[in-house]
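*Asks:* Here's the letter readout for the chains.
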Amino acid sequence: MTSRAAAIAAGIMLMGALPWVIGVYPLHVLTLVLVSVISAVGLYFVTGLTGQVSLCHATFSGIAAYVLVVLGRDLGVPFWIGWPLGAVVAGAIGYLVGVPALRLQGHYLALATLGLGEIVLLLNVHWESVTNGPNGLDVSAPRLGALVVSTERGKYLLVLAAVVIMVAFAANLRRSKLGLVLTAVMDSEIASQAFGVRLARYKVFAFALSAFYAGVAGGLYCAVVGFITPYEFGLWPSLWTLTMVVVGGMGYLWGAVLGAIVITALPEVLRGLKDYQELLYGVLLLVTLVFKPSGLYGLLLGRRAAASKGSS
Amino acid sequence: MTLILVQLILSGLVLGAIYALIALGYVIIYKATSVVNFAQGEAVMVGAYIALSVYSFMHLPVPLVFAITVAIAAVLGVTIERVAYRRLVGAPVISLIIATLAVGLILRNVVRLVFGPNVYPFPPLIANRPLRFGGLVTTPQNLLILGVAVACMVLLFVYFRYTKWGKAMRAVSQNGTAAVLMGISVRKVFSMIWALSAGLGALAGVLLAPLLVVNPDMGWIALKAFVVAILGGFQSLPGAVLGGFALGILENLAGFYIGSAVKDIVAYVVLIAILIARPTGLFAERTGKRV
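Quick note, the sequences are listed as chains X and D, same order.
According to the numbering used here, the stretch in the first sequence is residues 1 to 312, in order.
According to the numbering used here, the stretch in the second sequence is residues 1 to 291, in order.
Keep in mind that the hints were calculated from the coordinates and are not lab data.
Fair warning: this is a prediction, and the values are worked out from it, not measured in the lab.
Don't take every hint at face value.
[Stated by the list, open to error] Once the Cα atoms are required to be at most 30 Å apart in a straight line, the calculated DSS-like pairs of lysine-lysine come out as:
| no. | chain 1 | residue 1 | chain 2 | residue 2 |
| --- | --- | --- | --- | --- |
| 1 | X | K274 | X | K292 |
| 2 | D | K188 | D | K164 |
| 3 | D | K188 | D | K167 |
| 4 | D | K167 | D | K263 |
| 5 | D | K164 | X | K292 |
| 6 | D | K167 | X | K292 |
Turn these sequences into a full structure, and let the hints steer you where they fit.
*Replies:* Written out as structure tokens, the structure reads:
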């Protein structure tokens, strides 16, 4: 085992031991942080690997969440089937939207996703017989045989396991053929096209994958919070996810992870400044773009590079 | 039956004119900079708040309200361009797009902190009694809104066609490098373009305010103007105007004949349909990708 793998394994075990160390509320916040890590990593596939903006990332989480909850309520479909099914449905809808929107350059994906987000939101609000409209829906706790995941500890461990799998998959994807192609596309669309890459196909796949990740996060969010309403999956939550990816460092997988942690935990740290929270996000976004486009991760990398230079 | 139809079309024109004004703001920015300005809705909202301050709180006369609102918004537009967007020239377009989202977020929250989240009613711009023509009903205010909006569009076309700065803007949007070589200051043109689009947005805000109420979220309407801009091909000024009127009328017809819940969805259904069937819009100029 290399030292790197050993460090990762130790880190995961440490994370797994946390619920027996910290209190219930910090654990709840940490669980939500981890859910947003999955969502942000998903959005990284779009912004980082295809260089486009998606404005309905939270909508995909919402689609998966509503599929999961409605199937569970009406047909008794268990969480363990409804959760992946919801994520697959989100991914499939992402694929369908991506096909027309990604054939085009630049801003069309942003516009199409904006439209999709509004349509799904209005549908969830008005289709009351199924979604219960703005009043929202209760979520029953996931159960495995006699085991019911209803304690904070259980939820945390479920989410942690999912995060490890999803982030590991994303990290390996970058080194796969697909990841290499997408990175090449990011560097130069024209050059990669000249080498025979079918741009649109790869971009659509990246977008569908991002929707799938959002769906996985949406299902977990259901299980953690226990109650969903349409507005939790509207334009603003999508914007917050975008803020995570940008502030963390657009184009870096670990930037998305870092951004998700910082942006989700920030309101808890700055409890007294609730009124200023959105303003703060806006300023953070703008400052990052103007002064440090590589984001927090870029800052960290710069430090590390400087440190290793000093020591050698 | 036909009377109802004519009435629906007539009232659709009023909101359609406002959509068109907002959409023109998008198109002007996009043609010059290839940026989709997601803060245009906030320009509308800020315009409404400026107008609220000078009209409702300070009781200035209506023509002055229009002038002051547009002037302040234009200055704000230039300032934002200086502070934020100009520093991003040369960055990927995606960064600029996200920057406009951030600017929108900041504007919305600054307004919310200053004026509070509550809703302000906006007094009518002109004595509001119904006017009847045959069987049709409208109000002087609706005619005023339509008149101001159409006058603005005409002025804009004259400006782009005949004035020196208007021609400079067109030159920059056709070919930036060539424009620089001809001695046009692209910086000045960009400043003016952001001023112009912020002014247009704010004007739309003043016209919209008496129809709705003033609140920090009223920029939502700009989402529909997006659809209008896409319908018009995102590059075409006449396309934006026609698209605006088309959507205003379509919404009214769908709301009446299908159901009021549908009214809000129409725009987005049109959006998805356009993106699938004819993504370059109904009035697109033919363009190739330069390599």
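*Asks:* Does each hint fit the structure? Answer for all of them.
*Replies:* Checked hints:
1. X:K274 x X:K292: Holds - the C-alpha atoms of K292 of chain X and K274 of chain X are around 25 Å apart, at most 30 Å.
2. D:K188 x D:K164: 13 Å, holds
3. D:K188 x D:K167: OK: K188 of chain D and K167 of chain D at ~13 Å, within 30 Å.
4. D:K167 x D:K263: 39 Å, violated
5. D:K164 x X:K292: Answer violated: K164 of chain D to K292 of chain X is near 38 Å, above 30 Å.
6. D:K167 x X:K292: It is violated: about 36 Å lies between the C-alpha atoms, which goes past 30 Å.
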